[in-house]
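J.: For chain B, the structure is supplied; the task is to place chain F on it using the hints.
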Amino acid sequence: DSGVTQTPKHLITATGQRVTLRCSPRSGDLSVYWYQQSLDQGLQFLIQYYNGEERAKGNILERFSAQQFPDLHSELNLSSLELGDSALYFCASSQETGGKAFFGQGTRLTVV
Amino acid sequence: SQQGEEDPQALSIQEGENATMNCSYKTSINNLQWYRQNSGRGLVHLILIRSNEREKHSGRLRVTLDTSKKSSSLLITASRAADTASYFCATGEGGGKLIFGQGTELSVKP
Numbered sequence: 033d034s035g036v037t038q039t040p041k042h043l044i045t046a047t048g049q050r051v052t053l054r055c056s057p058r059s060g061d062l063s064v065y066w067y068q069q070s071l072d073q074g075l076q077f078l079i080q081y082y083n084g085e086e087r088a089k090g091n092i093l094e095r096f097s098a099q100q101f102p103d104l105h106s107e108l109n110l111s112s113l114e115l116g117d118s119a120l121y122f123c124a125s126s127q128e129t130g131g132k133a134f135f136g137q138g139t140r141l142t143v144v
Numbered sequence: 003s004q005q006g007e008e009d010p011q012a013l014s015i016q017e018g019e020n021a022t023m024n025c026s027y028k029t030s031i032n033n034l035q036w037y038r039q040n041s042g043r044g045l046v047h048l049i050l051i052r053s054n055e056r057e058k059h060s061g062r063l064r065v066t067l068d069t070s071k072k073s074s075s076l077l078i079t080a081s082r083a084a085d086t087a088s089y090f091c092a093t094g095e096g097g098g099k100l101i102f103g104q105g106t107e108l109s110v111k112p
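As they're listed, the protein sequences go chains B and F. Take 33 as the starting number for the first sequence in our numbering and just add one per residue. Take 3 as the starting number for the second sequence in our numbering and just add one per residue.
Calculated directly from the structure, the hints in this document are not laboratory data. Misleading hints may appear alongside valid ones.
Label pairs and their calculated CB-CB ranges [stated by the list, open to error]:
{"hint": "1", "chain 1": "B", "residue 1": "Asn91", "chain 2": "F", "residue 2": "Ser30", "range": "17 to 25 Å"}
{"hint": "2", "chain 1": "B", "residue 1": "Ser59", "chain 2": "F", "residue 2": "Asn20", "range": "36 to 44 Å"}
{"hint": "3", "chain 1": "F", "residue 1": "Arg82", "chain 2": "B", "residue 2": "Ser59", "range": "27 to 35 Å"}
{"hint": "4", "chain 1": "F", "residue 1": "Lys111", "chain 2": "B", "residue 2": "Glu107", "range": "36 to 44 Å"}
{"hint": "5", "chain 1": "B", "residue 1": "Arg140", "chain 2": "F", "residue 2": "Lys71", "range": "35 to 43 Å"}
With a cut-off of at most 25 Å between alpha-carbon atoms, the simulated DSS-like pairs for lysine-lysine come out as follows [to be verified]:
{"hint": "6", "chain 1": "B", "residue 1": "Lys132", "chain 2": "F", "residue 2": "Lys71"}
{"hint": "7", "chain 1": "F", "residue 1": "Lys71", "chain 2": "F", "residue 2": "Lys58"}
{"hint": "8", "chain 1": "B", "residue 1": "Lys89", "chain 2": "F", "residue 2": "Lys28"}
{"hint": "9", "chain 1": "B", "residue 1": "Lys89", "chain 2": "F", "residue 2": "Lys72"}
{"hint": "10", "chain 1": "B", "residue 1": "Lys89", "chain 2": "F", "residue 2": "Lys58"}
{"hint": "11", "chain 1": "B", "residue 1": "Lys132", "chain 2": "F", "residue 2": "Lys72"}
{"hint": "12", "chain 1": "B", "residue 1": "Lys132", "chain 2": "F", "residue 2": "Lys111"}
Because the structure is a prediction, the values reported are computed rather than measured. Ideal placement from N, C-alpha and C gives every residue a C-beta, glycine not left out.
Bound conformation, chain B alone (with noise of 0.2 Å):
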């Protein structure tokens, strides 16, 4: 168990609709990163929060936004979703910025 919780395992919804995916960093990790991941893109960096505060962006489309909470759990926000969408959507966190991250068991988005 990494310590990095992540809501919901399964999803599935509809073309155009909007999801909302959670992540709860470990204790006292400050970084969160979130990544997508399918089978024709590799692991790709999406964004990276430091305690509230965007810190490094990736390649993030902008129908897609994120946010870090007070208490450092962050969500990431879906929107007008297209089949392309579909992946593994995975959560780490970090103590420091760029250093050893933990991922959490990651969120398997699926769009019919």
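T.: The following block gives chain F in isolation, referenced to the frame of chain B:
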């Protein structure tokens, strides 16, 4: 954005043999890390090597880093069937990004 490129994409060996995976990257880094992923599950951190280090060991793992060539290698000695997984390198960059390569699929046959 992908920083690391891993080689080979897939590797199949017999139990007891050594497995070597390579990673190349493009920009300057603070550290380079290796992770393991069992099918569809979360990644597990294996080892971190800082940019001013050249070699690091952890159990059966040996990692080297050559910043002049922007490359790293992961050696797993005396492989076991339980080592079967995907292995990813990740570069820790200034500003906090942690960027992963495409991974190497390792299959260790008993």
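J.: Keeping to a limit of 25 Å between CA atoms, is the pair of Lys132 of chain B and Lys111 of chain F held or broken?
T.: violated, 30 Å
J.: Taking 36 to 44 Å as the hint, is the beta-carbon distance of Ser59 of chain B and Asn20 of chain F inside that range?
T.: Since Ser59 of chain B and Asn20 of chain F have Cβ atoms about 38 Å apart, the given range 36 to 44 Å holds.
J.: Hey, Lys132 of chain B versus Lys71 of chain F, does the alpha-carbon distance stay inside 25 Å?
T.: holds, 23 Å
J.: Could you see if the CB distance from Lys111 of chain F to Glu107 of chain B stays within 36 to 44 Å?
T.: holds, 42 Å
J.: Is the Cα-Cα distance between Lys89 of chain B and Lys58 of chain F 25 Å or less?
T.: violated, 30 Å
J.: Range hint 35 to 43 Å: satisfied by the CB atoms of Arg140 of chain B and Lys71 of chain F?
T.: Since Arg140 of chain B and Lys71 of chain F have Cβ atoms about 37 Å apart, the given range 35 to 43 Å holds.
J.: Holds or violated: Lys71 of chain F with Lys58 of chain F, Cα cutoff 25 Å?
T.: holds, 17 Å
J.: With the threshold set at 25 Å, check whether the alpha-carbon distance from Lys89 of chain B to Lys72 of chain F stays at or below it.
T.: holds, 23 Å
J.: Could you say whether the range 17 to 25 Å given as a hint is met by the Cβ separation of Asn91 of chain B and Ser30 of chain F?
T.: holds, 20 Å
J.: Is 27 to 35 Å a correct range for the gap between the Cβ atoms of Arg82 of chain F and Ser59 of chain B?
T.: The hint (27 to 35 Å, Cβ to Cβ) holds, given that Arg82 of chain F and Ser59 of chain B are roughly 32 Å apart.
J.: Decide if the proposed pair is consistent with the structure: Lys132 of chain B and Lys72 of chain F, CA atoms, cutoff 25 Å inclusive.
T.: holds, 20 Å
J.: When you check the alpha-carbon spacing of Lys89 of chain B and Lys28 of chain F, does it fall within 25 Å?
T.: Given pair Lys89 of chain B, Lys28 of chain F holds - Cα atoms ~18 Å apart, limit 25 Å.
Against the hints set out earlier in the document, violations occur for numbers 10, 12.
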